[in-house]
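Enquirer: Sequence:
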Amino acid sequence: MTSIIKNQIVKHLSKFAKNITPDQISLDVLKGKSELKNIVLNEEVLTEVLELPVWLRIRKATCNRVAVKIQWLKLKSCPIELFIDEIQVDIILTAEKPQPKKKGNSLNALSTMDTGSYGFANKVVEGMSLYVNTLEIHFDSGAFGGSFMLSRLSVDSRTPGWQHPHDLRYSRISCPNTNRTIMYKQVSWQLLRIEASAHNEGESAQRNVINAPLRLITSNGRIRIALKKNSTDGSVIHARIMMILEDILWVATLPQLQSAIAFYSHIMKLVKASQGFGNVEVLLPARTPSSLAPTDQPYTGLAPNKNFAVFDFNQTSYHLNVKKIDLHLCDDAHSPEAYPPQWDIESGAMQVTLHTVLIDVYPKTTAGADRSKWVRYSSPNPVTNYLDQNLKFHFARLIENTTDETTRVRLTRVWPQLMSFNVVFRVLDMSIQCVSDMQTKRDSLFNLFESDSEAKRKFPGEQFVLHAEFANFFHPMSDSLPGLIVVPPPLTHVQLGPFMLLFDKRTIRWVLYVAHHLTVALSQVEAPDMEPLPVTDLKVDLLMPKIVLRLPDPSSDSRLPHRLTLCLSTLSISNRSIEEQSAFNMLDSHLMDYLHGLKLAAGKDILRSDLLQMNSNLTVSGLEEGDQLWVHTSPLWVETDHGPDTKGLLLITDVPVKGSITVRKEQVNIFVEPQTTLSAMVDHFQLLQLLRLSNDISVFADLLASDQKFLEKGNGGKEGTAPTVVIVAALAQAKVHLMLTHGPMPSPYEACPAINEPTIDTNSYSG
Numbered sequence: 001m002t003s004i005i006k007n008q009i010v011k012h013l014s015k016f017a018k019n020i021t022p023d024q025i026s027l028d029v030l031k032g033k034s035e036l037k038n039i040v041l042n043e044e045v046l047t048e049v050l051e052l053p054v055w056l057r058i059r060k061a062t063c064n065r066v067a068v069k070i071q072w073l074k075l076k077s078c079p080i081e082l083f084i085d086e087i088q089v090d091i092i093l094t095a096e097k098p099q100p101k102k103k104g105n106s107l108n109a110l111s112t113m114d115t116g117s118y119g120f121a122n123k124v125v126e127g128m129s130l131y132v133n134t135l136e137i138h139f140d141s142g143a144f145g146g147s148f149m150l151s152r153l154s155v156d157s158r159t160p161g162w163q164h165p166h167d168l169r170y171s172r173i174s175c176p177n178t179n180r181t182i183m184y185k186q187v188s189w190q191l192l193r194i195e196a197s198a199h200n201e202g203e204s205a206q207r208n209v210i211n212a213p214l215r216l217i218t219s220n221g222r223i224r225i226a227l228k229k230n231s232t233d234g235s236v237i238h239a240r241i242m243m244i245l246e247d248i249l250w251v252a253t254l255p256q257l258q259s260a261i262a263f264y265s266h267i268m269k270l271v272k273a274s275q276g277f278g279n280v281e282v283l284l285p286a287r288t289p290s291s292l293a294p295t296d297q298p299y300t301g302l303a304p305n306k307n308f309a310v311f312d313f314n315q316t317s318y319h320l321n322v323k324k325i326d327l328h329l330c331d332d333a334h335s336p337e338a339y340p341p342q343w344d345i346e347s348g349a350m351q352v353t354l355h356t357v358l359i360d361v362y363p364k365t366t367a368g369a370d371r372s373k374w375v376r377y378s379s380p381n382p383v384t385n386y387l388d389q390n391l392k393f394h395f396a397r398l399i400e401n402t403t404d405e406t407t408r409v410r411l412t413r414v415w416p417q418l419m420s421f422n423v424v425f426r427v428l429d430m431s432i433q434c435v436s437d438m439q440t441k442r443d444s445l446f447n448l449f450e451s452d453s454e455a456k457r458k459f460p461g462e463q464f465v466l467h468a469e470f471a472n473f474f475h476p477m478s479d480s481l482p483g484l485i486v487v488p489p490p491l492t493h494v495q496l497g498p499f500m501l502l503f504d505k506r507t508i509r510w511v512l513y514v515a516h517h518l519t520v521a522l523s524q525v526e527a528p529d530m531e532p533l534p535v536t537d538l539k540v541d542l543l544m545p546k547i548v549l550r551l552p553d554p555s556s557d558s559r560l561p562h563r564l565t566l567c568l569s570t571l572s573i574s575n576r577s578i579e580e581q582s583a584f585n586m587l588d589s590h591l592m593d594y595l596h597g598l599k600l601a602a603g604k605d606i607l608r609s610d611l612l613q614m615n616s617n618l619t620v621s622g623l624e625e626g627d628q629l630w631v632h633t634s635p636l637w638v639e640t641d642h643g644p645d646t647k648g649l650l651l652i653t654d655v656p657v658k659g660s661i662t663v664r665k666e667q668v669n670i671f672v673e674p675q676t677t678l679s680a681m682v683d684h685f686q687l688l689q690l691l692r693l694s695n696d697i698s699v700f701a702d703l704l705a706s707d708q709k710f711l712e713k714g715n716g717g718k719e720g721t722a723p724t725v726v727i728v729a730a731l732a733q734a735k736v737h738l739m740l741t742h743g744p745m746p747s748p749y750e751a752c753p754a755i756n757e758p759t760i761d762t763n764s765y766s767g
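The sequence shown begins at 1 in full-length UniProt numbering and counts up one residue at a time.
Keep in mind that the hints were calculated from the coordinates and are not lab data.
Here are the simulated DSS-like pairs of lysine-lysine, each with C-alpha atoms no more than 25 Å apart in a straight line:
1. 18 / 37
2. 458 / 324
3. 665 / 709
4. 306 / 123
5. 69 / 33
6. 665 / 713
7. 123 / 31
8. 33 / 76
9. 15 / 33
10. 33 / 74
11. 15 / 37
12. 713 / 505
Based on the sequences and whatever the hints tell you, model everything.
Expert: Rendered as structure tokens:
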């Protein structure tokens, strides 16, 4: 009896494993226990199951021990448990042409096992639990190598609340009215380690002799999977997959980032070389979540019951949730010759901290549908309002351009079927420290960027400091009605704030130094020929931004202000076509003539004609040459203070601004126009610090230019990579009120601590 069962096991497992024999199986039928040892998995079958690209191939996959535990009398309530000690997988990244498939080693034979029914046996298989002690994947491409390791991996069933069920039947929820079932599985691991490195020159390609400059380690991760299935035939209708990661700490040096870019370039070369191999035949299930309609049409006309409706979802989606990310970007110590002149940052480092990072992908959703079922999403919001406004504008333009009434009616009928691919990126809280070095003391650390927690609490609901969405539209009837349906261009909306941004000269200088080296590394990347990224309607909203400039050293006199702050409620940047007319209206005719008349000393136009032309050609990857953005702000105010917790003294108040930014390869033109009279009130100490600040900015600009020349010289003498920035401010009228003291003016030559400034009672000012 035992030998017969062993032979049946060998017969079914031979499709997935190589050279398996009955001697490798130990079996105790009555106790429901079985064990297999030293299994070599079929790499061709694994490749088909995982749908790997042609440039990534499994060379070998082994499993040293598999134990199975089955409780025959409790199959409905207790899962079948599989225990695996260690799985080793070797993968090669290659541009070589794949070998032709051997007959009989495909999954074609498995398709005959599908009887089209969904019953008790299927539910038993779906309820199985898997526990793996170690899963280690090694990859090698000749120039690069690395590993991917998971320890204490487990796959088990969960309740709708993601708890361990005491009965397997509580791991699914069904609705007989609609013939739908939702089952819940969770994949969890104790430790995840990813390493990648370049092979040292002169050494063999063995994994144990390569360096590992890139390393990422996380712990206690899990993936929650909810599958919505047809309870009649078991086909998958929708899936909701969410990866949850705990704290991620990554210390990356500049050479490591350059190595990562080189690794990316190597992968791109493999992808490009493998494009000539043609498509590899991959057998897919009859229905996959991504190929289904976004709305679930039940077989019956009945509504789902209340319990099922609470957990129901009507589209496939993928989610990433990271609790906290700590990124430390470091510049390894170099010789003084590697740095520009007057460099005062020794082994600089910058820390970026992100709290609650959420990334959501909805591959196929109705463009104007309700988002109440989206994960951790509050609707309506400014993003959805912008989306609705954009779609209405595009549809109205289509109707306006259609003269035939029958075509209009047909377009109105099919337009609600417009679909979209959506990506949502959100960060709850974020902070970026200024650059620090080996000489920086703890009390000298400041944040370059930080969210304003106090202001966030004033917003209703959960306010993310960063909320970005991208939507790409398509219509299922575009092919059948090519001349009728014109889908809107992709849409990108970014909302940032409330936040505080510090203007720190050392940090700006260090960031430009790092950015230059990364740009040089990126310029050497050989990416495959790709279609240009689509044009997108872009809008960026900054909520309650506060920009802080530290004034020159005020220690010489306690009455001198320490900081200059610029505050406003909102700032919007957009290239959207719906605002073209309003953007034109913001420029008066006399001001347009004034801009045309502006000349540089050399006689060239500061703002060429393209500054005055509407251009919405903005790509996702960045700005094309000659692209234009329109800017408008709420009334802004400028003030000075003596520190973060001190009361500010107004300098400029209630001035709304509109303007435009034109980006070209050799020049960036910035035009701003206050919408009201600019009125400023300046006292003696503010004026003194403003004069010093203007001098410091001039010196700093010269220093940046010197750094740029030094870096260009080190890059083979290539010059002209940095564009010229031209700023034009059109002031119709400006009023400046200088506040002086009562009585005789103090002499600037009177004794005063450290500087010869007069001692003036700040309470004695008058307008």
